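> Residue-level listing of the chains:
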Amino acid sequence: MERFEGSIQLELLKRMRRIRDVELRIAEEYSQGEMRCPVHLSVGQEAPSSALSLLVYPSDYAVSTHRGHAHYLAKGGDLNAMIAEIYGKETGCSKGKGGSMHLIDTTVGFMGTSAIVGNSIPTGTGLAHAAQLNKTGQISIIHLGDGAIEEGSFYESLNYAAVKNLPALYLCENNFYSVYSPLNVRQPKNRDFCFLAKSIGAKTFSGDGNCVISSYKTLKQAVKYCRSGKGPTFVELKTYRWLEHCGPNNDNELGYREEREIEYWMNNDPIKKAEARLRKRPEKDHYKNYCQALKKEVDDAFEFAKLSSAPDIQSRSKTIFSTEQ
Amino acid sequence: MERFEGSIQLELLKRMRRIRDVELRIAEEYSQGEMRCPVHLSVGQEAPSSALSLLVYPSDYAVSTHRGHAHYLAKGGDLNAMIAEIYGKETGCSKGKGGSMHLIDTTVGFMGTSAIVGNSIPTGTGLAHAAQLNKTGQISIIHLGDGAIEEGSFYESLNYAAVKNLPALYLCENNFYSVYSPLNVRQPKNRDFCFLAKSIGAKTFSGDGNCVISSYKTLKQAVKYCRSGKGPTFVELKTYRWLEHCGPNNDNELGYREEREIEYWMNNDPIKKAEARLRKRPEKDHYKNYCQALKKEVDDAFEFAKLSSAPDIQSRSKTIFSTEQ
Amino acid sequence: MKITFSKAINFAIRDSMRDDNKVICMGLGATDPKGVFGTTIDLEKEFGSKRVFDIPTSENALTGICIGLSIAGYKPLLTHQRLDFALLSLDQIINNAAKAHYMYGGEICCPLVIRMIMGRGWGQGPTHSQNLQMLFAGIPGLRVVMPGTVQDAYSQLRASINSNDPVIFLEHRWLHNSESQVVYDFSDQDLVTQSLVKSGEDITILACSYMLPEAIKARRILKEKLGVTADIINFRSYRAIPDECLIKSINKTRKLIVADTAMRSFTIADQLSNNIRDLLIDGNSIDIRILSMPDIPEPTSHFLTKGLYNDSYTIISKTCELLSKDCRGLINRDTELKPHDVPGEWFKGPF
Amino acid sequence: MKITFSKAINFAIRDSMRDDNKVICMGLGATDPKGVFGTTIDLEKEFGSKRVFDIPTSENALTGICIGLSIAGYKPLLTHQRLDFALLSLDQIINNAAKAHYMYGGEICCPLVIRMIMGRGWGQGPTHSQNLQMLFAGIPGLRVVMPGTVQDAYSQLRASINSNDPVIFLEHRWLHNSESQVVYDFSDQDLVTQSLVKSGEDITILACSYMLPEAIKARRILKEKLGVTADIINFRSYRAIPDECLIKSINKTRKLIVADTAMRSFTIADQLSNNIRDLLIDGNSIDIRILSMPDIPEPTSHFLTKGLYNDSYTIISKTCELLSKDCRGLINRDTELKPHDVPGEWFKGPF
Ligand SMILES: Cc1ncc(C[n+]2csc(CCOP(=O)(O)OP(=O)(O)O)c2C)c(N)n1
Ligand SMILES: Cc1ncc(C[n+]2csc(CCOP(=O)(O)OP(=O)(O)O)c2C)c(N)n1
Ligand SMILES: [Mg+2]
Ligand SMILES: [Mg+2]
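Those protein sequence lines, which keep their order, are chains A, B, C and D.
Numbering-wise (my numbering), the first sequence opens with residue 1 and increments by one.
Numbering-wise (my numbering), the second sequence opens with residue 1 and increments by one.
Numbering-wise (my numbering), the third sequence opens with residue 1 and increments by one.
Numbering-wise (my numbering), the fourth sequence opens with residue 1 and increments by one.
Keep in mind the hints are simulated off the structure, nothing from the lab.
Note that the coordinates shown come from a computational prediction; the quantities given were computed from them, not determined experimentally.
Check the hints yourself; a few may be wrong.
[As the list claims (entries may be wrong)] In silico DSSO-like links for lysine-lysine, alpha-carbon gap of 30 Å or less:
1. C:LYS306 / A:LYS306
2. D:LYS45 / B:LYS189
3. C:LYS306 / A:LYS295
[Stated by the list, open to error] Short derived list, chain D residues pointing at chain B, Cβ under 7 Å:
4. SER58
5. ASN60
6. TRP122
7. THR300
8. LEU304
9. ASP341
Glycine included, C-beta positions come from ideal geometry on N, C-alpha and C.
So here's chain A without its partners, still in its complex pose:
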């Protein structure tokens, strides 16, 4: 805690807490059957995006995946609009068309999430190209999982970013699983993501994705490198998903992940660790107040979503083209 500013630590914790509370609330409400779309929650994986959120500007671009709630929120995406989107409401960030897997908030540079693994990696790379052409010092964040590493689109995109020296930051949250599949059936033994990314042409960084301080320090270096125009940057942060791949429950009973492994990671909760550090600090009251305000913010978001109108049924055949002809 020494050597690392308390106010930043507090801020990091608050952001993690916010993501966790939102996600847990979704999980809680899901069984009501009003959020009628697949949801991929980030519980357990809050550190990387929370850390990132202190290091990027609304003018920076970001894209993400099916598991995009945390990334959207961390980038400053509108909470109400996200929850409303999951409820399929008119006030949703994609007006109900996209659901949990298609979040967007262009006002903060969050340019979309995709339900197709690897599909948004080229998009984010193109945004990095735009950033470079804009000459405004923007960077483009591309969130991805360990599974997406296996898609050719990752490789092709990174190669292109290296050729063009683009300000693209590929942030891989390695949670060891793609749905139920462990890494060893998908990638060679002892694969080192950073070594791989480096050989394709990125500068690489890695850190502890279950420690928000480590995540922050790693990302700070990475963002600095990327923003300085030196070229594509790849970051691996190892972390762990607590709940089932898709849906609100825990699925530990299925046995595809060893109990010991799950326990290990849950004991290694980035939020608990940060809260523990805070306990001895003066900011802890502030945090307590924040948590209360947060509860209200989340309540409000769900109320907003529930009270929002359904989208006009006519809208489903609109906006297929930007100009109807």
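Based on these hints, arrange chains B, C and D with the ligands on the given structure of chain A.
Just chains B, C and D with the ligands now, kept in the frame of chain A:
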């Protein structure tokens, strides 16, 4: 020349000579307008496949690309059937359906070439998987160019081969160009193909692709490694194409390749070098005789092709399915 | 004994693997605890991990790898949990698998089966619900089958695996829990023929995949309430060539509804109707109606998918329209078919 | 001054880039000495390498990269030297570009133009000659244009680049050397309308892309030798919605030939004819014939492509068939249209 068996050197030279003579003859006859399909010649690039040809068996598999004549011949593919295929005749190896870019001779394990860059890399990887399941010690050779390295299919295939530890040998003839495009607009500066392939999961080897002895020694090690079941193997051999990307002419006047560069490589002709080495050896008479016999072999092949019948026009709507229903 | 559609798929794979040790089963989740909606359950246990295995998320290469296996004499079965994911592999499917036999002059065969599951409802949204059968059906060299019954699930999958050609096997997510008895048999013809499943007098309904059970339900109601009887033909082989049973039926009824799960611009029904008009005597006088999805990406919100899908209700309406009957009151869509975005009680979401 | 089709493409890119500095031009060979059949010549010189550049052989990612550029406000133009190569990018085209505007509720636009060149003849073979327009035309959210004239090359490309939606611009290799004068102007309507290019009495011929000059040639011969006159409509926007000019023409002639470069199972003509039958009074009595390629992969051998392609000859035959006229002797296919596998003298092969 010492320390390296004369008979092997002679054999290597003969194989290069055969490929060169066939290719030059195609170039010579092309303007007659009877070979009515795109042809991508391998003149200048004879060393890698010639070296390989001494190291593989008909039971090994191989696949290749648009520039596949040399690979087909080196694997033992039927010369007459290849020339007839380019002439579009019934006796062609693909009965006229495929042309120069779709060569096949299953009797020697040559399982096809593709006109789509990167398209045959997964096929060859699947053949390696079959080889592994067969448990017969077969290996699968995947010929590719430096351009194909940029396709996601290369990366995905190599990753898979590494996961499954497949006996796949990826043989990249790096001729520095993809059509008119030099490497620097396509891949990052100082990219090392072997470093890249290693990071994806292959054991790698490299050598001088314009020296048949170096190619042979490199490939000998590589084939040995691959055949021993240790897993995917990647080989880079740098070499140079003398003629235009597609077609029978030289296109030096276009200026996309510097004259000095072209000169350098043409002076570095693998065949001339091998012939020079031979000049002081007793085998040189044998070689002379071979060249004469070769001329006849090539003459015969073109005569065979020209005299062969056109395919029955009815055949064009046949063999769409293996069983017509 | 009744089994589910999923089980029938599972048994078809199992029996194919027992009969032919060249058959190999792979796909994301093929060895999962849930076994791709139950369809690959227990296979690894019986056949081992050399023949049943999970794969990397590399749709494009994996398709080509299956092609390599197939031309070497193996019979790979590749499964995609959604058709939408297979769009990554269209180069391999169209430029390689579909043409391999042809473009190498018949030298090689490519016996490869690609299962693609098609989603609907529960917020599957624009990229988890596409029914793009036309992408494949229009490509010479591919066979496309769309099982609509539990029997099809078994026999068409076995016939697909048994075939020496590449087959695209399109499996509707909403069929997985349907139940029926099954005859454990199959024939080559299962890949290319339609079948008459109900015989009637007044109209011909050709229905594919999930449209089939909905058509059967519609028929029951039409018969009970209006005394109208329909020929129902199982459009299980997705081809534009009218089958004998279809021709016979249309010659009788002179009225045809084609119910497809595809979008309007992506249904083969147009080509099929033109072929029917060309083939049949006085073809232009046959009354043909096409039931399809509208030409829009499927929105995610359940508020926006309401009334979007075809079901027994829309089949009844279309039939009544064709027969100039009043369909009001025949079926209350809101109460009887509710909620509209799940296949039934068994579906607990979210995928 | 007459210019070639290639030049018109070149000028359209140039003028778009002059007018809007957000326009970016990329593709394999975009900066080559040959400039993609002359279409990108001199652009790098004028606009610099930030706006005109060559790319890696990574069709899939590059498409997504263009999408990223486009949603950030740029207007990328991506060129594939063959449509067949673009099959690697269908995930990005279908799951991303086509749906981006819709699935994010209109928040972003995706102004992206993808040029795809379609081959024919000279042994292009199974994977360098595909005319798969239906792959794109059936996807909601994509506009598909198929220029048939030099004027279209200019104005449709400018309209495509100017549009805020993704456009698939399908360019036939055999048109590149056709020549004409051009009005350097364009309108949004160029993306969605057909145009009447010749006016007649007896029959309507709707022809797209390279079929258009062949139809015009056929018309000339038909008129000279048989006194038959045809309305020729340029099917430059590949949609199944019959345009006003088409409806007017059919109402006059009651006879329609649709000449498409696609395969039989891949032509939009079926859907278009059904729409025409539905829309027009007494629609079922309209005589419609479809001219397309057969449902086979294109073989490489010139011996096997003989008589395979549609041209003025087959258009004349089809017209005569429809009008019950004798077409013998009107045109000697073997002498007048020889060799069949090259577009003309200018084509020196091999690509
Ligand atoms: C192209 C494609 N293939 C498969 C899927 C099914 N799928 C959805 S999420 C997912 C897991 C991806 O794993 P990873 O990238 O590690 O992300 P995580 O879920 O762990 O966050 C898969 C395979 C998909 N959506 N798209
Ligand atoms: C997918 C695809 N993209 C582009 C092309 C056009 N093309 C044909 S050959 C070639 C060059 C490939 O370069 P490389 O792999 O180095 O092979 P080389 O020609 O040098 O032997 C290209 C780009 C193609 N055939 N397929
Ligand atoms: Mg993961
Ligand atoms: Mg090369």
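> All hints, please: hold or fail.
Quick rundown of the hints versus the structure:
Taking the CA atoms of LYS306 (chain C) and LYS306 (chain A), the gap is near 18 Å; set against the 30 Å cutoff, the hint holds. For the proposed pair LYS45 (chain D) and LYS189 (chain B), the alpha carbon gap of about 24 Å is at most 30 Å, so the pair holds. A C-alpha spacing of about 33 Å is found between LYS306 (chain C) and LYS295 (chain A), which places the hinted pair above 30 Å, so the restraint is violated. Annotation: interface hint on SER58 (chain D) holds; nearest CB of chain B at approximately 5 Å, less than 7 Å.
Checking ASN60 (chain D) against chain B by beta carbon gives a least distance of about 6 Å; that is within 7 Å, so the hint holds. Evaluation of the TRP122 (chain D) hint against chain B yields a held restraint, the C-beta minimum of about 6 Å falling below 7 Å. Restraint check, THR300 (chain D) versus chain B: the minimum CB separation of about 3 Å is within 7 Å; hint holds. Interface hint at LEU304 (chain D): satisfied, since its Cβ lies 4 Å from the closest Cβ of chain B, which is below the 7 Å cut-off.
Given hint, ASP341 (chain D) at the interface with chain B, holds; its Cβ is 6 Å from that chain's nearest Cβ, closer than 7 Å.
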